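Using the hints, position chain R against chain V.
Here the protein sequences line up with chains V and R, keeping their order.
Residue 67 in my numbering is what sits at position 67 of the first sequence, and the numbering runs on without skipping anything.
Residue 1048 in my numbering is what sits at position 48 of the second sequence, and the numbering runs on without skipping anything.
Don't read these hints as lab results, they were simulated from the structure.
Some hints here could point you the wrong way.
To be verified - Covered stretches of chain V (chain R as the covering partner; in silico rule of three or more C-beta atoms under 8 Å from a C-beta of chain R): (1) 61-67; (2) 73-80; (3) 97-110; (4) 122-132.
Values in this document were obtained by computation on a predicted structure and should not be read as measured data.
Virtual Cβ for every residue (Gly too), placed ideally from N, Cα, C.
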Amino acid sequence: MDGQNFENENNVTVDTTATEVPVQETSAAEQPVNNYQDYTANVQPQMAAAAPQQTENTDTNVLAIVSLVLGILSIVLGCCTGWIGALFGIGGIICAVFANKQSESGLAKAGLICSIVGIVLGIIVMILAAVFSVAFMSDLANYY
Amino acid sequence: MQTTTKKQRSLEDQLYIAGWFFLLAGSIGIFVYLHIILPRLNGYTCVVYRLFGIYCPGCGGTRAVSALLTGHFGQALWYHPLVPYTVVIFGGFMLSQTLARLHIGRIRGWCFHEWHLYGAVVIMIGNFIFKNILLLVFHITL
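The following block holds chain V by itself, in its conformation from the complex:
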């Protein structure tokens, strides 16, 4: 008796369509065993739908994380000191390529994009510094 009450409470909490619940209650009055079978049939697809979300999180690759970290650093450092940013960007691209070979992920793509942007910024800053170093103060000429 307690077991039937427990099953009925679970039937209320499951987010199935409201039209199915009265049908199950009427059938439960006639055949209690079928009510339990219908309940498990409603629950199993929800468990199967939740399983892929857990596996997606574990696909995260360390190389993809490192590539995005290096990509962010290449953008931040590439604007100030061009060659350091370019070096970080090259490292980020290498990590992103190897990460994509193992398993494709959004982090690796973001790392690849950030690394390319960082390299481009670094090269532009290096060219600008080289071109305008004569007109600037002598510290730029000494630094680059």
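Frame of chain V; chain R shown alone:
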């Protein structure tokens, strides 16, 4: 289910080792930049700022690190929010993972989430846009 938790643990193990490498390399890099390179750059400012009159995505980073090293967290947040964000997220991960591995105080190590890194990208781009709006529209400098 057990395989997913094992994979998650191995991911955090690898991140923990990579984190120590980054911590060592970053500490050496910051020390070399602040004590060796920066004193030689007399009055050196950003090339982008000098040429175009706008802040680059890295402007304020050095000042933020200096402010953070002297204990001024609010100033560091103003100069470049990515620096204190990195310290909180990365420092919290490394500290909690270390305490968890040493079995101190029933502390569970922080888990890695992808929004940690996407948040850093958003902060970097947002800071770049916000600081330039302040500079060009309201004439508020760093």
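| Of the numbered hints stated previously, which ones are contradicted by the structure, given in increasing order? | none
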